[in-house]
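> For reference, the chains in residue letters:
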Amino acid sequence: DVKVTQSSRYLVKRTGEKVFLECVQDMDHENMFWYRQDPGLGLRLIYFSYDVKMKEKGDIPEGYSVSREKKERFSLILESASTNQTSMYLCASSPSGVTSYNEQFFGPGTRLTVL
Amino acid sequence: LAKTTQPISMDSYEGQEVNITCSHNNIATNDYITWYQQFPSQGPRFIIQGYKTKVTNEVASLFIPADRKSSTLSLPRVSLSDTAVYYCLVAVNAGGTSYGKLTFGQGTILTVHP
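Which chain is which? The protein sequence lines are A and B, in order.
The numbering of the first sequence is the numbering used here, which starts it at 1 and goes up by one.
The numbering of the second sequence is the numbering used here, which starts it at 1 and goes up by one.
Mixed in with the good hints there might be a few duds.
[What the hints assert, rightly or not] With a Cα cut of at most 30 Å, we get these calculated BS3-like pairs of lysine-lysine:
#1 B:K69 - A:K57
#2 B:K3 - A:K57
#3 B:K3 - A:K55
[Stated by the list, open to error] DEER-style ranges, computed between Cβ atoms:
#4 B:A28 - A:S67: 24 to 34 Å
#5 B:H113 - A:M88: 22 to 32 Å
#6 B:A66 - A:V12: 48 to 58 Å
#7 A:L115 - B:A66: 51 to 61 Å
#8 A:G63 - B:R77: 37 to 47 Å
#9 B:K52 - A:R44: 19 to 29 Å
#10 B:E14 - A:S67: 44 to 54 Å
#11 A:R44 - B:A66: 27 to 37 Å
[Claimed, not checked] One-sided excerpt, in silico: chain A residues whose CB lies under 8 Å from chain B:
#12 L90
#13 N102
#14 E103
#15 F106
#16 P108
#17 G109
Since the hints were made in silico from the structure, they are not lab data.
C-beta atoms are modelled at their ideal positions from N, C-alpha and C, and glycine is treated no differently.
Generate coordinates for the entire structure from the input sequences, incorporating the hints supplied.
Here is the structure:
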């Protein structure tokens with residue numbers, strides 16, 4: 001089974017702090033994704049990466065950056081956390097291919113609270 | 001950009017068949033339609049995917065009409081454990097290295113009653 005792990009289930013940070021959310025997948029998938037999930041808004045894509053060091057902006061990249069130095073690891077960075085970034089953050093991975101990249105495997109999520 | 005629209009919530013009873021429809025009027029030629037299930041405090045889980053007509057697996061069926069502007073997820077004989085949020089996903093410009101933006105619908109909260 002594909003396993004996607006996220007560094008923390010719960011995280012509390014203060015406004016202005018730099019925050020790192022880590023995601024690791026163990027199935028050698030080319031694609032990795034970061035989403036945030038908020039009540040009433042569903043899942044919104046922040047960034048995705050289709051290869052090491054490659055990234056593309058999603059729908060809501062403002063206030064976030066990402067890093068993918070190794071294939072199995074995709075990091076989401078909040079340069080200066082703000083209260084409106086309080087949310088559930090979900091990481092996902094998928095293999096390459098026309099149809100298979102839609103079959104994403106999600107991690108358990110990190111619930112981030114910014115005070 | 002293919003936007004999806006789903007009902008916000010649905011109610012059903014154990015043993016009934018449930019059909020959840022997703023509207024995606026601007027679906028592109030190369031787009032595939034995918035459905036996910038999400039339980040509280042968990043990440044979404046892939047259920048089924050299709051391009052046209054009908055697809056069936058051990059969990060659900062997916063019906064896609066010829067114009068592909070909508071799709072219907074069918075869950076046969078639901079149980080209490082099927083209570084979850086169901087998301088319809090349409091992939092935009094999928095394929096090769098030119099990945100487009102992924103668009104999740106807002107999700108349908110399905111509640112199955114005893």
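> Within a Cα-Cα threshold of 30 Å, do B:K3 and A:K57 meet the stated pairing?
holds (18 Å)
> Does A:F106 meet its interface restraint, that is, does its C-beta lie within less than 8 Å of any C-beta in chain B?
Where the cut-off is 8 Å and the nearest Cβ of chain B is about 3 Å from A:F106, the hint holds.
> Minimum Cβ distance from A:N102 to chain B below 8 Å?
This hint holds: A:N102 lies near chain B, its Cβ roughly 4 Å from the closest one there, short of 8 Å.
> Verify the interface restraint on A:L90: the C-beta must sit less than 8 Å from at least one C-beta of chain B.
This interface hint holds because 5 Å falls under the 8 Å limit.
> Is B:K3 close enough to A:K55, meaning Cα to Cα at most 30 Å?
Distance of about 23 Å is within 30 Å: holds.
> Okay, A:R44 versus B:A66 on CB: inside 27 to 37 Å?
holds (31 Å)
> B:K69 and A:K57: Cα distance at most 30 Å?
holds (26 Å)
> Honestly, do B:A66 and A:V12 meet the 48 to 58 Å range at C-beta?
The hint (48 to 58 Å, Cβ to Cβ) holds, given that B:A66 and A:V12 are roughly 51 Å apart.
> Against chain B, run the beta carbon of A:P108 and see if the smallest gap drops under 8 Å.
holds (6 Å)
> With respect to the beta-carbon atoms only, verify the hint that B:K52 and A:R44 lie 19 to 29 Å apart.
Since the Cβ atoms of B:K52 and A:R44 sit about 28 Å apart, the hinted range of 19 to 29 Å holds.
> So the hint says 24 to 34 Å: do the beta-carbon atoms of B:A28 and A:S67 match that?
The hinted range 24 to 34 Å holds for B:A28 and A:S67, with Cβ atoms some 31 Å apart.
> Holds or violated: is the Cβ of A:E103 closer than 8 Å to a Cβ in chain B?
Hint holds; A:E103 Cβ to chain B Cβ min 5 Å, cut 8 Å.
Hint compliance for this structure: every hint is met.
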